[in-house]
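According to UniProt numbering, the residues represented by the sequence shown are 1 to 455, in order.
Simulated from the structure, these hints should not be mistaken for laboratory data. Mixed in with the good hints there might be a few duds.
What the hints assert, rightly or not - In silico SDA-like links for lysine to any residue, alpha-carbon gap of 25 Å or less:
#1 K254 with L230
#2 K181 with N114
#3 K351 with E384
#4 K347 with Q327
#5 K347 with A434
#6 K254 with H101
#7 K201 with E274
#8 K214 with L230
#9 K347 with H395
Owing to the predicted nature of the structure, the values given are computational and were not obtained by experimental measurement.
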Amino acid sequence: MDIFRQTFGNSNESFIRIPGAFREEPPADVNGTAENENDNTIETTQGSSGGSKSILHFLFQTPLIVLYYVLNFIIRSSRLLKPLIRFHGFYQRKHNRLLDHSSQLNRLLESLENESQAVTCSEANGNTEDGNNSENTSNNHNNEIQFNFGSLYNPENGMFSKGVMQNSYTELLDACSEQVKFGVIYLHDPLLDNHMDYVNKILCSEAFVNIIRKYQVLLWYGDVTTSEGLQVSNALKIRQYPLLGIISLKTEKKIELIARVEGSISNYMPLDLETIFSKNYSRLIQLRQQRQNIEMQRLIRQQQDSRYQDSLRRDQERESERSEQIQREQGAREQKRLEKQWLLWRKRQLKPEPSLGKDASKIAIRLEDGQRLVRKFDASLPAEEIYAFVELQLHGLLDIEEQALPVERPANYQHQYGFKLITPVPRRELDLSATISDVSGIYPSGNIVMERLNE
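Work the whole structure out from these sequences, hints included.
What follows is the structure, given as structure tokens:
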């Protein structure tokens, strides 16, 4: 509030006058009489200036005070909500870490890589400062650490990043079961004082790397401070950390922890690790051969079934083709029978040559073999009569004696002529339904050429 007072108040006064307060008496001096004479004028001026200042106080001071209390309330409220936001964010991040195994593994590998580099640099600096034992210490260090952690386990370009390093313990079990391979589990405890000993002296050692590459071992590394690492630790009943465990198939579908190294690094012996792998490798070979035999038998059965199905399909196709051929032959025979019946019926329906005195048309017909037929046709008949005459001539039925028994027209049969008759001048096809007398090219006489249709 002093800021407002200093801003809008009188700088000469140290306090705000209360209404009704007594005025202070000015000190007595020689010019007292002159001052008393000007009291009325000064009081009038102060009264007018005091009224204007009170209005400014009301217009500016009140909104600023309200804004001050509002901001103060917002700040205090945000301070109360901040712990809740942090609490929610913590469990949200924890939930995400539990679900994303790949990110959790990458975070662990990145942390181990950074710490491994830091330990290596610190040991190198310590060896440099110690001039007397630097050469011996460097030789020991080279014997213990042969590879850089990042070159082996970097998620992007490490030697064991793709196909070897598994994202979760469940994926490791599934991969070991499907591929019939060994699995190595490493549980890291970052709270130990010497937690990087296993990383630098075992996981990065040449002997360990050679074993992994020789036996095609699958890897999974976990952190005991995470939920997954703790669950695996409880499932395997681990008592000391870090842990280096080896899992393998005991039977077709059963995986067991066949060896473990817990606690101090002094418990680890590279020769013992090599012995464990070589001793159990023969059993994995047998399981692989069994699976290969089972798979081979399955493929053989599948090929046999495929060949049987192909043979059955070919037999069915041949049977279907045979049936269709029989049906086609039967249909062709039936078609020929109906055609012959129709031709015999059409022969009985064929009109004889008209006698003298009737309206007739004399037509010369040239067949495809060069034979020339000349016959008179009743001019009132349709041109189909000429087609029927040619058809009977082609089948050699004109010279056969008519049967005594009547021949009926076959039902559901529509005869199709396999040729067409052409008038040469003008060249046009003779319509079946046209009346002979209406065709100028053949009435009262004319020539016709027979042409086969393209089948």
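Which numbered hints are broken by the structure, listed smallest first? 2, 4, 8
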